[in-house]
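Order-wise, the sequence lines are chains A and B.
Counting from 1, position 28 in the first sequence corresponds to residue 27 in numbering that gives the first Met the number 0; the numbering is continuous, with no gaps.
Counting from 1, position 98 in the second sequence corresponds to residue 97 in numbering that gives the first Met the number 0; the numbering is continuous, with no gaps.
Please note: incorrect hints may appear among the correct ones.
Non-contacting residues of chain B with respect to chain A, defined by C-beta distances greater than 10 Å in every case (computed) [what the hints assert, rightly or not]: (1) 42; (2) 51; (3) 52; (4) 117; (5) 146; (6) 147; (7) 160; (8) 167; (9) 169; (10) 175; (11) 188; (12) 193; (13) 208; (14) 211.
The calculated label-pair distances, taken between Cβ atoms and stated as ranges, are [claimed, not checked]: (15) A:195 / B:97: 48 to 58 Å; (16) B:185 / A:113: 34 to 44 Å; (17) B:194 / A:120: 43 to 53 Å; (18) B:97 / A:38: 28 to 38 Å; (19) A:114 / B:81: 49 to 59 Å; (20) B:212 / A:9: 17 to 27 Å.
Simulated from the structure, these hints should not be mistaken for lab results.
C-beta atoms are modelled at their ideal positions from N, C-alpha and C, and glycine is treated no differently.
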Amino acid sequence: MTHSIRHHLGDDVLMAYSAGTLPEAFNLLVATHLSLCDACRAQAGAFDALGGAVLETGNDDVAALDEDALAATLALIAGGSVAPAQSDTPAETRRNGPSGVLPGPLRDYVGGDLDDIHWRPVGMGVKQAILPTSAEANARLLFIPAGAAMPDHGHKGREMTMVLKGAFIDDGERFGRGDVEIADQHLHHTPVADVSEDCICLAVTDAPLKFRALIPKIAQPFLRI
Amino acid sequence: MLVGTEPEIQAHPALRSGQALRASPKVLGPENVNEMQGDKRQEWVGHIVRIRDNQDQVAFGELFRHFAPRVKGFLMKSGADATLAEECAQEVMATLWHKAHMFDPARASVATWIFTIARNRKIDVLRKQRRPEPEELTWGPEAEPDQEDVLALQQESENLRRAIADLPDAQRKLINRAYFGDLSHSEIAAETGLPLGTIKSRIRLALDRLRHEMK
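The shape of chain A in the complex, shown without the other chains:
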């Protein structure tokens, strides 16, 4: 399943995912990609190992504990289990056998698979579904009909788009299931869905998209894209 992935996540994103410094929407995209890509999963593991090594070697960053810290912790242990961090909670679908089109982390946000997505039309056959994440960045699923183009747009911030179904072509490059396209403020692009199949993507961005055409620009605040 992972042999066909050609566009991967970069070191900066994987390192930030490991360090825990990404906004939730980006964490979601990374976790979704790692669910499909063994190479990036191994890299992410390596960055966790690097985090552990930094934790052990960073002698400047050691903070003195309260005098009774050990006793207090043993009392905490005796009192029963500590509420697990929300981030420790495994993806809902892990034990439900082979997943559908949406990898586990996305299924958790959608509350199911493709049929459970609440699509809203945004014109020209394109549909989107905004996923609930923290406000620093937003995540949405996009449905682009076979052969159709996304509106030409540039970015104020960073945008990452991962293909879940079908494929799109942008600037001569083909992006299929699992592939991630990374765009920043310097890139104006017009992804076009492959003609053979409707395309479904996960797109995350840390700034509102700016459209070149007048009408999408006016519509932007209402569409939240």
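Based on these hints, arrange chain B on the given structure of chain A.
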């Protein structure tokens, strides 16, 4: 690739059952952990085993004295005040006690495991974000942590620690900041006054060098 660990902490099937574990000579137990003395990091694996099997408070105390101040420092660099960082560090170490049975020494060093627990606690408490984990891989029937795998992973972790110590100062500091400090590369640029390109290239150089060392 630096080291081939998995990003997730998960119960190794063989570690779920204490009995099966002790019946197999290949598997890590307190007795063969002692053979690994001389390397502190491998010793920490033995500490986790003692906590898991015997609720050993002495072992816990030693781990605590080494790691809890580092976890607290990590949390303070990430923006927690001293009181909150102390509280979270204690919770992280208590989590280590309760989840000792989930630790898989063939997949992570003790430092890495503690780092991931601390990181997740930080995201919950300080950043109020969620950080979804990838879908779990389904493992085959072969399940015991092989002693050779454990030694190899722990040795690689030690090599990585040394490779970081050998990095040029400027590179090591930026790697540190990327993990301790909760800053994006552009925020590091704003804070240090270094151009973003310089920061990115230094981090890239550091990673190249670590990868070379870990080959």
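These are the hints, each one checked on the structure:
Even its closest Cβ contact with chain A, about 13 Å, leaves residue 42 of chain B beyond 10 Å, as expected for a residue assigned away from the interface. For residue 51 of chain B, the requirement that its beta carbon stay farther than 10 Å from each beta carbon of chain A is met, with the minimum near 13 Å. Non-interface status of residue 52 of chain B relative to chain A is upheld: no Cβ of that chain comes within 10 Å, the nearest being about 16 Å off. Non-interface status of residue 117 of chain B relative to chain A is broken: a Cβ of that chain comes within 10 Å, the nearest being about 7 Å off.
A cut-off of 10 Å between C-beta atoms confirms that residue 146 of chain B is not in contact with chain A; the least separation is 20 Å. Listed as a non-interface residue, residue 147 of chain B keeps its Cβ farther than 10 Å from every Cβ of chain A; the least gap is roughly 18 Å. At roughly 5 Å, the least C-beta separation between residue 160 of chain B and chain A is not larger than 10 Å, which violates its mark as non-interface. Distance check on residue 167 of chain B: its Cβ is at least 14 Å (rounded) from any Cβ of chain A, clearing the 10 Å threshold; non-interface status holds.
No Cβ of chain A approaches the Cβ of residue 169 of chain B within 10 Å, the least distance being about 15 Å, so the stated non-interface status holds. Listed as outside the interface, residue 175 of chain B is inconsistent with that label: its C-beta sits roughly 5 Å from the nearest C-beta of chain A, within the 10 Å cut-off. Consistency note on residue 188 of chain B: stated as away from chain A, and its beta-carbon is indeed over 10 Å from all of that chain's, at 13 Å minimum. Consistency note on residue 193 of chain B: stated as away from chain A, and its beta-carbon is indeed over 10 Å from all of that chain's, at 15 Å minimum.
Distance check for residue 208 of chain B against chain A: the nearest CB is about 12 Å away, which clears 10 Å, and the non-interface claim stands. The claim that residue 211 of chain B is not at the interface with chain A holds, since no C-beta of that chain comes within 10 Å of its own (minimum 14 Å). Judged by the Cβ atoms, the range 48 to 58 Å given for residue 195 of chain A and residue 97 of chain B holds: they are separated by roughly 51 Å. For the pair residue 185 of chain B and residue 113 of chain A, the supplied restraint of 34 to 44 Å holds, since their beta-carbon distance comes to about 36 Å.
Residue 194 of chain B and residue 120 of chain A have their C-beta atoms about 44 Å apart, which keeps the hinted 43 to 53 Å range intact. The given range of 28 to 38 Å is respected by residue 97 of chain B and residue 38 of chain A, whose C-beta atoms sit roughly 33 Å from each other. Checked against the hint of 49 to 59 Å, the pair residue 114 of chain A and residue 81 of chain B passes, with Cβ atoms roughly 50 Å apart. For the hinted restraint 17 to 27 Å between residue 212 of chain B and residue 9 of chain A, the CB-CB distance of approximately 21 Å keeps it satisfied.
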